[in-house]
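Chains as they are written, first to last, in the working numbering: chain D, 1 to 181; chain S, 1 to 298.
Keep in mind that the hints are not guaranteed to be accurate.
Unchecked claim - Estimated spans, in silico, between C-beta atoms of each pair: (1) R59(D) / S171(S): 26 to 32 angstroms; (2) M120(D) / R259(S): 32 to 38 angstroms; (3) E255(S) / A51(D): 26 to 32 angstroms; (4) G109(D) / E101(S): 26 to 32 angstroms; (5) E175(D) / G112(S): 19 to 25 angstroms; (6) K192(S) / C37(D): 55 to 61 angstroms; (7) E256(S) / I12(D): 55 to 61 angstroms.
Since the hints were made in silico from the structure, they are not lab data. No residue lacks a Cβ here, since even glycine has one placed at the ideal position from N, Cα and C.
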Amino acid sequence: MTDAIARETIHIDDIDPEFVDALIAAGADRIRACLQCGTCSSVCPSGRRTAFRTRELIRKALLGLKGEVLSSPDLWLCTTCFTCLERCPREIKTTDAIILMRNMAVREGFMLPQHRKTSMKLIATGHAVPINDANMTKREELGLDRVPPTVHSHPDALEQVQEIMRRTGFTALIEGQGEED
Amino acid sequence: MTVSQTYSFFLGCVMPNRFPNVEKSIREVLPRLGIHLEELEGASCCPAPGVIRSFDEPTWLALASRNLALAEKAGHDIITGCNGCYGTFKEALHIVHEHPEKLRDVQKVFKGLGLRYRAEADAKHLIEVVYDLGPDAIREKVVRPLDGLEVAVHYGCHLLKPSVLRPWKKSARPTFLDELVEATGAHSVKYKDKFQCCGAGGGVRGSNVPVSVDIAQEKIDNVLEAGADCVLNVCSFCHLQFEMSQAQLNKELGEERYRLPVVYYTQLLGLAMGLGPKELGLHKHVVSTEPVLRKVLG
Numbered sequence: 001m002t003d004a005i006a007r008e009t010i011h012i013d014d015i016d017p018e019f020v021d022a023l024i025a026a027g028a029d030r031i032r033a034c035l036q037c038g039t040c041s042s043v044c045p046s047g048r049r050t051a052f053r054t055r056e057l058i059r060k061a062l063l064g065l066k067g068e069v070l071s072s073p074d075l076w077l078c079t080t081c082f083t084c085l086e087r088c089p090r091e092i093k094t095t096d097a098i099i100l101m102r103n104m105a106v107r108e109g110f111m112l113p114q115h116r117k118t119s120m121k122l123i124a125t126g127h128a129v130p131i132n133d134a135n136m137t138k139r140e141e142l143g144l145d146r147v148p149p150t151v152h153s154h155p156d157a158l159e160q161v162q163e164i165m166r167r168t169g170f171t172a173l174i175e176g177q178g179e180e181d
Numbered sequence: 001m002t003v004s005q006t007y008s009f010f011l012g013c014v015m016p017n018r019f020p021n022v023e024k025s026i027r028e029v030l031p032r033l034g035i036h037l038e039e040l041e042g043a044s045c046c047p048a049p050g051v052i053r054s055f056d057e058p059t060w061l062a063l064a065s066r067n068l069a070l071a072e073k074a075g076h077d078i079i080t081g082c083n084g085c086y087g088t089f090k091e092a093l094h095i096v097h098e099h100p101e102k103l104r105d106v107q108k109v110f111k112g113l114g115l116r117y118r119a120e121a122d123a124k125h126l127i128e129v130v131y132d133l134g135p136d137a138i139r140e141k142v143v144r145p146l147d148g149l150e151v152a153v154h155y156g157c158h159l160l161k162p163s164v165l166r167p168w169k170k171s172a173r174p175t176f177l178d179e180l181v182e183a184t185g186a187h188s189v190k191y192k193d194k195f196q197c198c199g200a201g202g203g204v205r206g207s208n209v210p211v212s213v214d215i216a217q218e219k220i221d222n223v224l225e226a227g228a229d230c231v232l233n234v235c236s237f238c239h240l241q242f243e244m245s246q247a248q249l250n251k252e253l254g255e256e257r258y259r260l261p262v263v264y265y266t267q268l269l270g271l272a273m274g275l276g277p278k279e280l281g282l283h284k285h286v287v288s289t290e291p292v293l294r295k296v297l298g
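Just need the whole structure built from these sequences, with the hints factored in.
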């Protein structure tokens, strides 16, 4: 065990100096105040059991390593529990910054196939978790309406929801994410 | 002492479409407390803060605003029993109140759709409305005290955080839900990492089941170690997480090791108010609620 730890070199080509500015413009306004204390990583429920490190993610973002940050599956291990945001001594809205980076990742074409599926359900039914036969039966047995009084019962309301998703570009964004696995 | 108040009942996705038994208990219990629920016809997904907001925030904001616009038209505030939906509405309202240009963006998207939105209706979690009545008012409704029942209270993240956008007096380690549980005669047990996340949010349950279930397992193990009879929640997604994760873990283990009943607050309160288990949907759980019922009903 005498080998030195392999040196990690950051290449200038991998640095996008405008990345942090874009994050700040999108709302992660205090991110430059990060002092790398690691409080965020230490309170993270995902970080307890995976290699996901919030501190590392923020550091890489500050270095401008846009490609590495946006393509990393680790970006999707945050449960958005907001504990890091509550505890950050620099009052950086860590969770919000992660959500902004996820938005950027999706626009760059990095989306997990399961998340595309959830989005397709929302586009088709107006619900990320739509009703199914078993639960319609369960509702009836409980004395509830077989179909809940949501978009599921109102085709015109569903059409309105779908039109909103077309207008915001969501439908095109999701359909542009390639085919499902 | 019951003062009547009316809210637009926002169901979301998980509650009506996966756990209608929880919905049933809310519909039975809240009107008995003077909290009247009006249907929010044509509501959609809130949409989910961990997934849809993560994919495209402007779409999330527009759809959340549409649901709020429906309540605004009805002339009521929204009431929800899901922490995720609650978080979506609180954050969406904050964004348009702080950034008028974002409200204008939403109104532009709504143009010609017959939707009027001024961000005037508020959104409340049902537990917030129940706590406003107060633990003493709840105690007065109890006809069957749940003496001897050991309850592990799980608040869930989005009910409490970000704390600057929440109404609770204490930003850390609150006690309001414990007080409401103890008003039924049950005892709120201390357990390790009580305020830890259930592991379902942020799109993790949807995309990385092993990590998500592992977080839930840690929490359930802590609850079991404290000797609790059940884990109590006020969020349809936390509820799903605790119910489904136990089934998944048992399948992986090849034995029924995890049998911790998962109870929603209105189910617990309903029992204390003398309602029957079937009226509260307690017979439709993934993990059997029998041990709790045996202790309560004898």
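- prompt: Can the suggested window of 26 to 32 angstroms be confirmed for the beta-carbon pair E255(S) and A51(D)?
  reply: The hinted range 26 to 32 angstroms holds for E255(S) and A51(D), with Cβ atoms some 30 angstroms apart.
- prompt: Is 32 to 38 angstroms a correct range for the gap between the Cβ atoms of M120(D) and R259(S)?
  reply: 36 angstroms, holds
field: Assessment of proposed distance window 26 to 32 angstroms (beta carbons of R59(D), S171(S))
entry: 27 angstroms, holds
message: Does the beta carbon distance between E256(S) and I12(D) stay inside 55 to 61 angstroms, or does it fall outside?
response: Holds, at about 57 angstroms.
Consistency of beta-carbon spacing, C37(D) to K192(S), with hint 55 to 61 angstroms: 25 angstroms, violated
field: Range agreement (Cβ of E101(S) with Cβ of G109(D), hint 26 to 32 angstroms)
entry: 28 angstroms, holds
Cβ separation of E175(D) and G112(S), checked against the hinted range 19 to 25 angstroms: 23 angstroms, holds
Comparing the model with each earlier hint shows a violation of hint 6 alone; every other hint is respected.
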